[in-house]
Amino acid sequence: MGWTRPVLPWSFALAGVCLVVGLVWGFFFTPDDFRQGSTVKIIYLHVPSALMAINAWIMMVVASLIWVIRRHHVSALAARAAAPVGVVFTLIALFTGGIWGQPMWGTYWAWEPRLTSFLILFLFYLGYIALWEAIEDPDTAADLTSVLCMVGSVFAILSRYAVWFWNQGLHQGATLSLDKEENISDVFWFPLLVCIAGFVLLFFALVLMRTRTEIRARRIRALQARARRA
Amino acid sequence: MLRVRNLGCARGGVPVLTDVSFEVAAGQAIILRGPNGVGKTTLLRTLAGLQPPIEGEIDFPEEEGAYASHADGIKTALTVTENLKFWADVHGAALPATILETFDLSDLRDRLGGTLSAGQKRRLGLARLGVIGRKVLFLDEPTVSLDRFSVKLFADWLQDTHLAAGGVAVIATHIDLGLAAPELDLTPFKSAADANGGSDEAFL
Amino acid sequence: MLRVRNLGCARGGVPVLTDVSFEVAAGQAIILRGPNGVGKTTLLRTLAGLQPPIEGEIDFPEEEGAYASHADGIKTALTVTENLKFWADVHGAALPATILETFDLSDLRDRLGGTLSAGQKRRLGLARLGVIGRKVLFLDEPTVSLDRFSVKLFADWLQDTHLAAGGVAVIATHIDLGLAAPELDLTPFKSAADANGGSDEAFL
Amino acid sequence: MIALLLRDLRLAFRAGGGFGLGLAFFLIVVVLVPFGVGPETELLSRIAPGILWVASLLAALLSLDRIFALDFEDGSLGLLATSPLPMEGAALMKALAHWITTGLPLTLAAPALGFLLSLATEAYAYLLISLLLGTPALSMIGTFGAALTVGIRRGGLLLSLLVLPLYVPTLIFGAEAVRRGAEGLDPTGALMLMAGITAGCFALLPFATAAVLRINLR
Amino acid sequence: MIALLLRDLRLAFRAGGGFGLGLAFFLIVVVLVPFGVGPETELLSRIAPGILWVASLLAALLSLDRIFALDFEDGSLGLLATSPLPMEGAALMKALAHWITTGLPLTLAAPALGFLLSLATEAYAYLLISLLLGTPALSMIGTFGAALTVGIRRGGLLLSLLVLPLYVPTLIFGAEAVRRGAEGLDPTGALMLMAGITAGCFALLPFATAAVLRINLR
Amino acid sequence: MPDLGDYRIEVLSAYGVSLVLLLVLVWLSWRRYVKVRAALEEVEKNG
Ligand code: HEM
Ligand SMILES: Nc1ncnc2c1ncn2[C@@H]1O[C@H](COP(=O)(O)OP(=O)(O)OP(=O)(O)O)[C@@H](O)[C@H]1O
Ligand SMILES: Nc1ncnc2c1ncn2[C@@H]1O[C@H](COP(=O)(O)OP(=O)(O)OP(=O)(O)O)[C@@H](O)[C@H]1O
Ligand SMILES: [Mg+2]
Ligand SMILES: [Mg+2]
Numbered sequence: 026m027g028w029t030r031p032v033l034p035w036s037f038a039l040a041g042v043c044l045v046v047g048l049v050w051g052f053f054f055t056p057d058d059f060r061q062g063s064t065v066k067i068i069y070l071h072v073p074s075a076l077m078a079i080n081a082w083i084m085m086v087v088a089s090l091i092w093v094i095r096r097h098h099v100s101a102l103a104a105r106a107a108a109p110v111g112v113v114f115t116l117i118a119l120f121t122g123g124i125w126g127q128p129m130w131g132t133y134w135a136w137e138p139r140l141t142s143f144l145i146l147f148l149f150y151l152g153y154i155a156l157w158e159a160i161e162d163p164d165t166a167a168d169l170t171s172v173l174c175m176v177g178s179v180f181a182i183l184s185r186y187a188v189w190f191w192n193q194g195l196h197q198g199a200t201l202s203l204d205k206e207e208n209i210s211d212v213f214w215f216p217l218l219v220c221i222a223g224f225v226l227l228f229f230a231l232v233l234m235r236t237r238t239e240i241r242a243r244r245i246r247a248l249q250a251r252a253r254r255a
Numbered sequence: 045m046l047r048v049r050n051l052g053c054a055r056g057g058v059p060v061l062t063d064v065s066f067e068v069a070a071g072q073a074i075i076l077r078g079p080n081g082v083g084k085t086t087l088l089r090t091l092a093g094l095q096p097p098i099e100g101e102i103d104f105p106e107e108e109g110a111y112a113s114h115a116d117g118i119k120t121a122l123t124v125t126e127n128l129k130f131w132a133d134v135h136g137a138a139l140p141a142t143i144l145e146t147f148d149l150s151d152l153r154d155r156l157g158g159t160l161s162a163g164q165k166r167r168l169g170l171a172r173l174g175v176i177g178r179k180v181l182f183l184d185e186p187t188v189s190l191d192r193f194s195v196k197l198f199a200d201w202l203q204d205t206h207l208a209a210g211g212v213a214v215i216a217t218h219i220d221l222g223l224a225a226p227e228l229d230l231t232p233f234k235s236a237a238d239a240n241g242g243s244d245e246a247f248l
Numbered sequence: 045m046l047r048v049r050n051l052g053c054a055r056g057g058v059p060v061l062t063d064v065s066f067e068v069a070a071g072q073a074i075i076l077r078g079p080n081g082v083g084k085t086t087l088l089r090t091l092a093g094l095q096p097p098i099e100g101e102i103d104f105p106e107e108e109g110a111y112a113s114h115a116d117g118i119k120t121a122l123t124v125t126e127n128l129k130f131w132a133d134v135h136g137a138a139l140p141a142t143i144l145e146t147f148d149l150s151d152l153r154d155r156l157g158g159t160l161s162a163g164q165k166r167r168l169g170l171a172r173l174g175v176i177g178r179k180v181l182f183l184d185e186p187t188v189s190l191d192r193f194s195v196k197l198f199a200d201w202l203q204d205t206h207l208a209a210g211g212v213a214v215i216a217t218h219i220d221l222g223l224a225a226p227e228l229d230l231t232p233f234k235s236a237a238d239a240n241g242g243s244d245e246a247f248l
Numbered sequence: 023m024i025a026l027l028l029r030d031l032r033l034a035f036r037a038g039g040g041f042g043l044g045l046a047f048f049l050i051v052v053v054l055v056p057f058g059v060g061p062e063t064e065l066l067s068r069i070a071p072g073i074l075w076v077a078s079l080l081a082a083l084l085s086l087d088r089i090f091a092l093d094f095e096d097g098s099l100g101l102l103a104t105s106p107l108p109m110e111g112a113a114l115m116k117a118l119a120h121w122i123t124t125g126l127p128l129t130l131a132a133p134a135l136g137f138l139l140s141l142a143t144e145a146y147a148y149l150l151i152s153l154l155l156g157t158p159a160l161s162m163i164g165t166f167g168a169a170l171t172v173g174i175r176r177g178g179l180l181l182s183l184l185v186l187p188l189y190v191p192t193l194i195f196g197a198e199a200v201r202r203g204a205e206g207l208d209p210t211g212a213l214m215l216m217a218g219i220t221a222g223c224f225a226l227l228p229f230a231t232a233a234v235l236r237i238n239l240r
Numbered sequence: 023m024i025a026l027l028l029r030d031l032r033l034a035f036r037a038g039g040g041f042g043l044g045l046a047f048f049l050i051v052v053v054l055v056p057f058g059v060g061p062e063t064e065l066l067s068r069i070a071p072g073i074l075w076v077a078s079l080l081a082a083l084l085s086l087d088r089i090f091a092l093d094f095e096d097g098s099l100g101l102l103a104t105s106p107l108p109m110e111g112a113a114l115m116k117a118l119a120h121w122i123t124t125g126l127p128l129t130l131a132a133p134a135l136g137f138l139l140s141l142a143t144e145a146y147a148y149l150l151i152s153l154l155l156g157t158p159a160l161s162m163i164g165t166f167g168a169a170l171t172v173g174i175r176r177g178g179l180l181l182s183l184l185v186l187p188l189y190v191p192t193l194i195f196g197a198e199a200v201r202r203g204a205e206g207l208d209p210t211g212a213l214m215l216m217a218g219i220t221a222g223c224f225a226l227l228p229f230a231t232a233a234v235l236r237i238n239l240r
Numbered sequence: 029m030p031d032l033g034d035y036r037i038e039v040l041s042a043y044g045v046s047l048v049l050l051l052v053l054v055w056l057s058w059r060r061y062v063k064v065r066a067a068l069e070e071v072e073k074n075g
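Just so you know, the protein sequences line up as chains A, B, C, D, E and F, in that order. Using the working numbering, read the first sequence as starting at 26 and increasing by one per residue. Using the working numbering, read the second sequence as starting at 45 and increasing by one per residue. Using the working numbering, read the third sequence as starting at 45 and increasing by one per residue. Using the working numbering, read the fourth sequence as starting at 23 and increasing by one per residue. Using the working numbering, read the fifth sequence as starting at 23 and increasing by one per residue. Using the working numbering, read the sixth sequence as starting at 29 and increasing by one per residue.
Note that these hints are calculated values from the structure, not bench results. Hints are not guaranteed to be accurate.
Cβ pair distances, simulated, as ranges [said to hold, decoys possible]:
1) D:Ala233 - C:Gly158: 24 to 34 angstroms
2) C:Gly158 - B:Pro105: 33 to 43 angstroms
3) B:Arg49 - C:Gly158: 26 to 36 angstroms
4) D:Asp208 - F:Leu51: 38 to 48 angstroms
Listing some non-contacts, in silico: residues in chain E with all C-beta distances to chain A over 12 angstroms [said to hold, decoys possible]:
5) Leu65
6) Gly97
7) Pro133
8) Ala147
9) Pro187
10) Ala197
11) Glu198
Quick reminder that beta carbons are idealized off the backbone N, C-alpha and C, glycines included.
Can you make the complete structure from the sequences, with help from the hints?
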């Protein structure tokens, strides 16, 4: 864990800066959207968190794969460390989205595909964490959660399409989609980018810190086990 | 028939035994001794392939090992015969005609597993070994709660049937089976407190 | 202290033992012998009041009996100390300072129950008896999977602590505890096939 | 007696003790229903009270088998029976522990889930009250059921069969109270009746439970 | 391999094996719902497809923990692992046994219960077909979940928490098919997709299950 | 402070809740980080 020590404070600082700049910029210095009014400001929290919620899970899948193939302990612990962060991001996305729904759709919650698929993602996070908590032996837990994570991803994707099939919804199109006509003007664009950067960095920093914690906790466990037999 | 070289095994991520080596020739048995908690069960589970060793090698003919412990897979809702029949089928073997006599289960033939006394259950568990026809047996305290007579019964079966047919047995027990077999005390192989290996090694 | 007169007991609706009578004076122990399935467990459970006798009477001081068998109520998710503490609390007793030493559990003090070896678990189960401070103990194969040393440990505790303090113990076992106590072989009391009593009686 | 309660709570909070799982299950069932019946808000809000109650009932149900089965398997129950602790007390403590680890969290989480089913605003208060009054009854009845099936290995399913019918009255009054609340009618009647049921359960069932346990330990 | 299937079936039919319990649970849940949401037939018939599917899903769920836990506790699973039987085969057989004892009866009983919820007449055929296609997937997925939690004593609740999210696609397509049937739309699309899921599950999950079992037996 | 129009509550609560959630997460992670680090030093000192 050598290299992470110096990186940790910097990434936190950078994340903080980006978030403050992006959010302040977005909140105070952007005009209201002509049709969404002031609620467009929610986008600066909503989109980044939503994106990172998904990316956190993807990162967990990758880490799980590394663990299963290379049996590299740190990656397993990193996956474990990332889960709670992913949960919080998912919650933020759900919450801001829900609140956004009030002015947009006149309801705090609508069973709209993307909302719903995030709800499902949330459930997957819950199950994943619960499984980690439930198993005594850390290596067994790592193996089992890895398998769950991979199988779960497949079903998460399936669910996403199922949900579309179930209810063709009223959600916004993708912001960052590279389609020709910019569907969101630069005024909103740049602060949004800064916020996204901020969330990415925050995620990175948090996972670093939590992984270090997990490693240390595991080391304590090992040392105590050894001490017990001495 | 069974050769173990510099075997090390761990339990709960902690190395328990290191550098265990022994050989058992066909028709031979070996008895594992050692105080409670020295690692007999762990060693047997490792030999049987239920858990991976942390070092060293184990070799015996493929598909010939069988592990038996307190939990001997008896279905309380199946009769004695049904229990045995099932294991015979799984191993693609036929039920030896004499097996019930050998383990003194004839009168209990149609009893449900759940209605057996501790020792009767144990006998049923041991009879399983006579059914599956595996050559290399790993037995963890096979005679728990057996009376003297049954212990003798079991020892005789092992001697005259299993070993006589060129089988091998590794037995962990605290009592005297009255079996002419070399003993291996595991105490000297106990891992040092700072021994490495085990899943925690990466963190030490 | 414990008096049993013409006791008969059944298991699964079938009479198992009839007309068992014996007495145990304070400070005495008695050892039940008999082949597997003769009814030791059944008798002990009946004495402990876990099942009703079909005839005869049992008397010993109220609230003084304690039954211990293979299933010794160890919570895998609690540490050794927590396990003992709980039983002490339930019986409104304090945890004797020396109990851990007595049963050689000091090093395992903070281990989770689930991570103990067979014998270590057993020792913990026996330590419970030292905690609850009951005078009349009914022990079903208390030394299963204990090594010689631990068996001695237990026998000594029984002799020097429990019995010395005027306790009583009825012990079913197949091995020799090295305990100076009278033995009672249950074989002669085995119920005849046509013995009546038992829940099916009304239909015979 | 308190020792037993504390131990059960500690066990519940330990890794693998399954605290909070009931909550998660509650959430999931509530989420599944719309997948079944379809996304129309108006329809969902109509069935919301019923679904919320049925779901919390099922969540309580699924955690029942832990009440006694573990203690039975490892022999603790038999030892408790021969201990000075009165069985009635033990039964009561078990029910209490179950309520604290299941019923209480459910009650507190229910309103949040009411959102998902777009429950009528007026109904939230009554949802909370009815659950607060009702879940203890669910725990106590469930404890009785668990005692009945304790001898049976993996009797979880049988347990639910025995218990669900016993849950019907509580369910009816609970859901009714919330529905009336949602429609702006006066739910006190239903609430009263439910409170009555709960009181009755706690007055009588501990004895029945103790008796059943003694029989099962034979 | 067939021996394992036969044994599991026999055990299920023996007393305490819990055959038909799933069915009864299904029945009870379906009966409870009207108590919760109120008796209006029009409302009930609208939610009928969803409720029937959710109920059968829960019924399947509740019998999952029996799949491996019993064998794990009495050591059979470890012995099977060291037997010539490939773990994958064992997993498949387990899933099959579970389906025969749970999914199949559910499927056959569902129409009768559709009656209770006054399901639209056109929907019965699709209810039957969708369940017939869907329940095997439920069993297979459930077997995987059961394997994950086999090491955990009384992991029933955790099991459901892990499995229910995996059930979502099956549920959606199943209920959707029935609903479309009820509304006279064309449900083949949903049915196709569901059949696909089922096929996929049986092709892949046995391997995952076997792997997980080996890990848990360590 | 920009005028948020009639959706003031929504927007503000969105920001409020999200930031609170983030801060709680960071705080918890940090606290556990410090705790565990201390515990490890403790163990290493003794062992
Ligand atoms: C409650 C849960 C919700 C979740 C999980 C969610 C999820 C997402 C995700 C993942 C994105 C990123 C899409 C992308 O940029 O690639 C997004 C964007 C967006 N969402 Fe949501 N959403 C939710 C609710 C809402 C609601 C209620 C509204 C109300 C209008 C909304 C409006 C938007 C908008 C405007 C964008 C940005 C895309 C654009 O500006 O065109 N979302 N949402
Ligand atoms: N549920 C039951 N139904 C019918 N018979 C039973 C039942 N349980 C036990 N038995 C029989 O009752 C007899 C006494 O059983 P018990 O367990 O008391 O024997 P035991 O002396 O303890 O034997 P062991 O030394 O093997 O423990 C045995 O023959 C047993 O087969
Ligand atoms: N899950 C675990 N975590 C940590 N240590 C464990 C775990 N399980 C067992 N141990 C320890 O590993 C050691 C070996 O256990 P094992 O069961 O192999 O001993 P054993 O020789 O079989 O003892 P016995 O004769 O009592 O059966 C014991 O000291 C035990 O405390
Ligand atoms: Mg052992
Ligand atoms: Mg016995």
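Here is what the structure says about each hint:
1. D:Ala233 - C:Gly158: 24 to 34 angstroms: holds, 32 angstroms
2. C:Gly158 - B:Pro105: 33 to 43 angstroms: Cβ of Gly158 of chain C to Cβ of Pro105 of chain B: about 34 angstroms, so the range 33 to 43 angstroms holds.
3. B:Arg49 - C:Gly158: 26 to 36 angstroms: At roughly 32 angstroms between Cβ atoms, Gly158 of chain C and Arg49 of chain B fall inside 26 to 36 angstroms, so the hint holds.
4. D:Asp208 - F:Leu51: 38 to 48 angstroms: holds, 43 angstroms
5. Leu65: Holds, because the least Cβ-Cβ distance between Leu65 of chain E and chain A comes to about 18 angstroms, which exceeds 12 angstroms.
6. Gly97: holds, 18 angstroms
7. Pro133: With a cut-off of 12 angstroms, Pro133 of chain E remains clear of chain A, as the shortest Cβ separation is near 24 angstroms.
8. Ala147: holds, 21 angstroms
9. Pro187: violated, 4 angstroms
10. Ala197: Label violated. Min Cβ-Cβ 9 angstroms, cutoff 12 angstroms.
11. Glu198: violated, 6 angstroms
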